[in-house]
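Residue numbers (my numbering), protein chains in the order written: chain B, 1 to 464; chain W, 1 to 464.
The hints are simulated quantities; they were obtained by calculation from the structure and are not laboratory data. Be careful, since some hints might not be right.
Heads up, the list lumps identical chains together, so a pair's fine if it works in one copy or across two of them.
Said to hold, decoys possible - Within a straight-line C-alpha distance of at most 30 Å, the following computed DSBU-like cross-link-like pairs (lysine-lysine) qualify:
1. Lys399 - Lys463
2. Lys420 - Lys220
3. Lys237 - Lys126
4. Lys443 - Lys399
5. Lys399 - Lys64
6. Lys443 - Lys263
There are 2 protein chains.
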Amino acid sequence: MMREKRSPGQPCGQKVSFPRFSNLNRVPEILDFPRPNVGPFRNENPTPCTCQNTNPANQYVPKKELDDLQKRRAEEFRQHQIRTGKENDVLILAPANAPLQYPIRGFRVTPMNKTPVPGLALQTQKRAVYKVSLRVQKGVLSVSDIQEGEQVDGQDEKHLRISSSSLQQLNDLLSRLTYTSTIYHIKTEDLAYFSFENHEVIFPIEIRRLSVPVLFDPGKDVNSQVTVLIKAFLRYKELNVLISSIRRSYPKIKIIVADDSLKPEKVEGDNIEHYIMPPAQGWFAGRNLAVSQVTTKYFLWVDDDFVFLNETRIESFVKIMESVPELDVVGGQVGGNQFSFLLQYEEGISEEGGCITRAVRTHAPLPGFDGCFFADGVVNYFLGRTQAVRRVAFDPFLKRVAHTEFFVDGLGDLLVVTCKGLRIGHQKHSATNNYRFYRHPPKSDLEEKMTHHFFKNYLKCIKY
Amino acid sequence: MMREKRSPGQPCGQKVSFPRFSNLNRVPEILDFPRPNVGPFRNENPTPCTCQNTNPANQYVPKKELDDLQKRRAEEFRQHQIRTGKENDVLILAPANAPLQYPIRGFRVTPMNKTPVPGLALQTQKRAVYKVSLRVQKGVLSVSDIQEGEQVDGQDEKHLRISSSSLQQLNDLLSRLTYTSTIYHIKTEDLAYFSFENHEVIFPIEIRRLSVPVLFDPGKDVNSQVTVLIKAFLRYKELNVLISSIRRSYPKIKIIVADDSLKPEKVEGDNIEHYIMPPAQGWFAGRNLAVSQVTTKYFLWVDDDFVFLNETRIESFVKIMESVPELDVVGGQVGGNQFSFLLQYEEGISEEGGCITRAVRTHAPLPGFDGCFFADGVVNYFLGRTQAVRRVAFDPFLKRVAHTEFFVDGLGDLLVVTCKGLRIGHQKHSATNNYRFYRHPPKSDLEEKMTHHFFKNYLKCIKY
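Modelling step: build the complete structure from the supplied sequences, incorporating the hints.
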């Protein structure tokens, strides 16, 4: 593994040095460049992130628990690296002037199924005998339909050698090469080493179990495309005002209410599904419950103290999502508030964890949609793609105050935009003492949450 | 795009023909092999699957709805292809004897961040002037720190040309090349075309937003590692027998009960969370609700008429999962029943959809664990990795009878094993008429389910 120091301000990328080709002023008779190291190189970030302007993520962990917690966290991270295929995350180079042709990308097999290897060939000048060798680790190689006289050594083994006095015959044998993975795995990679004389190349073999598509039938109109989701707690007056306002514009749309009120009241009406949770079970627990029940392609998240305005139009959200199938979340505007933010995340080094801060900005504009911008997080008024949001989930540990955490968990997985002109109203409300008590939890709650965050998201520094 | 016919019985793989190298009997003075086509080739399966021994998936769709349904399904599949990056799923070859060195795998950038390109070099014989060219589509190229006299044309554009009379200087310029993606995307790929004289190579550039890890703190014992999940419906007598049996061995473990009984009764006790759903809301809706509430790393699924035996040991499941971090589901045995199965899935062609059948077999053994075998589905007594199972989800559309559907949705995403020696008991029960009515739904229910399946999983043929 070769590493180079990163200069301050230099963006993160591969931190690997590659051989330079100096002393090449003479005119060689034959191609005699030094054999470069083509890898595989581990793709690792050697640069720690710093807690400048942010807070150490472990600052609230009780001192006597910190050591054990860090050990458990390191172990979970180790398992995470295995699960995310870190060992296969390597950089490989194609060396110059190798007389070998081979697939560099896109060669995929299903586990334990014999599959032809595409595109292998040798192109070289005349020799008495041509010999090539191939080596794999997680499978075996074989040449199909071997005929009398064909020189193949290592059939159905990890290391195969082919020779011939005819280049044409050798290439014909290569065209009949197959690979069969010998380990059962649904997602991993093997590396094949292909060599001829003093040339060696490496190419990846993706071992992947096929997935079945999971599609949602959007049906014919907004009622079959979207479910409205609400988390309810104590504020039944506001909840009922909201529901009435929804029904004025959308008499038939399904509404799911996840309710952890201390003394649940009935919430009834056509096409309203009311779920009763243990009392005060929690904000994100309720959000995750609601989204777990959605059968439509999209859902519209609203807080229980919002109110539909005359201008509130669910179809406008749907139009954007349908035009850009890669989108997962389209955020709107609550009253005058079109809050959105970016998350600045650095991976840091394996031993320490990452650093994350939030900035109130957007990324680039969404092409073709005036007033829409990519972001990492939006307000609590958004259309979500059900399958994508379910995959990220709202962490049910988060009981009282949480918002950014969902978008942190979704970073890299959710494509999020915020758009102008998608407004909902906000009810004025008089929160009861009971509500205020839960809504503004004691300091210990915040400390527990920060500790959870330190562990869950493997962080060194946090600030938002 | 070049395609070749697949012979019957030939395993699926890339169906692409590659140029063969014939007429190479003469001894060339210089290397003058024909320039091969290195791609990119679309990775597509041109072979339809057949409904032999299975049933057409659309057989229950009412004739007058079939046309519209198929149109909507085709549109959803088109969007699915976009979301899953089908256009980037290409096969690329490295041509033989190209005097160019370049990264074939592992070059990754974050969106819109200038990143050094690793490993580019030219290795060739003496010339008066050396000229290389690079071309990208989704970003721009530039050479860092350009000095006076360095000949770089197209700085910060899609097409960059570098020349020099010194090979060393040219390679130095190449070592300072950077790529910056110009489109904002969280997961996509660009292709770079790198050429010198009549040689051209292609290499992929992965554009990927970093994800933050999501880890679970397993805590100190089984109570902090596992939550027991039960879906309840009408059978309170059996449910209470089950809960008592759990408490005998595990007095402190958290139990989550998702209950859609017609007239919910209280289910109380320390560390029991009882969720009330709309009456008869459904089996998989209840399962998805239960799993949405889990805060532990693992959960144990049990049906409401199971009963813990003296030998029932949750720790045995955990031990297997902890030893093999890539596992997602470990299935046990209910009474004498250690049911497990494989799913045989063929993708088929884009226009028609796939074919799926079930076989009562296992894949390979799990190395190191006597009596454990990989499978695609298990009985309803299993330990699940919370995050992995949540990502797949239990489809809340499935109200009455469903089992295999979860594993179909999870194919390729869940690594599943079934193991001997992990037993739970099954209560004898007298189902009431009410229960039987819901448990054995009318034919129309089955037909609706099949139609849902036809759409959701984009199937041509189903049998299980």
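Hint-by-hint comparison with the structure:
1. Only within a single protomer do Lys399 and Lys463 lie at most 30 Å apart by alpha-carbon distance; the minimum there is 20 Å, versus 44 Å between protomers.
2. For the identical chains of this complex, Lys420 and Lys220 are intra-copy neighbours only, at 26 Å inside a copy versus 48 Å across copies, given an alpha-carbon limit of 30 Å.
3. In the homo-oligomer, the alpha carbons of Lys237 and Lys126 never lie at most 30 Å apart, since the shortest distance is 88 Å inside one protomer and 84 Å across protomers.
4. In this assembly of identical chains, the alpha carbons of Lys443 and Lys399 lie at most 30 Å apart only when taken from the same copy (14 Å versus 43 Å across copies).
5. Proximity of Lys399 to Lys64 under the C-alpha cut-off of 30 Å is restricted to the intra-copy arrangement: shortest distance 25 Å within a copy versus 48 Å between copies.
6. For the identical chains of this complex, Lys443 and Lys263 are intra-copy neighbours only, at 26 Å inside a copy versus 40 Å across copies, given an alpha-carbon limit of 30 Å.
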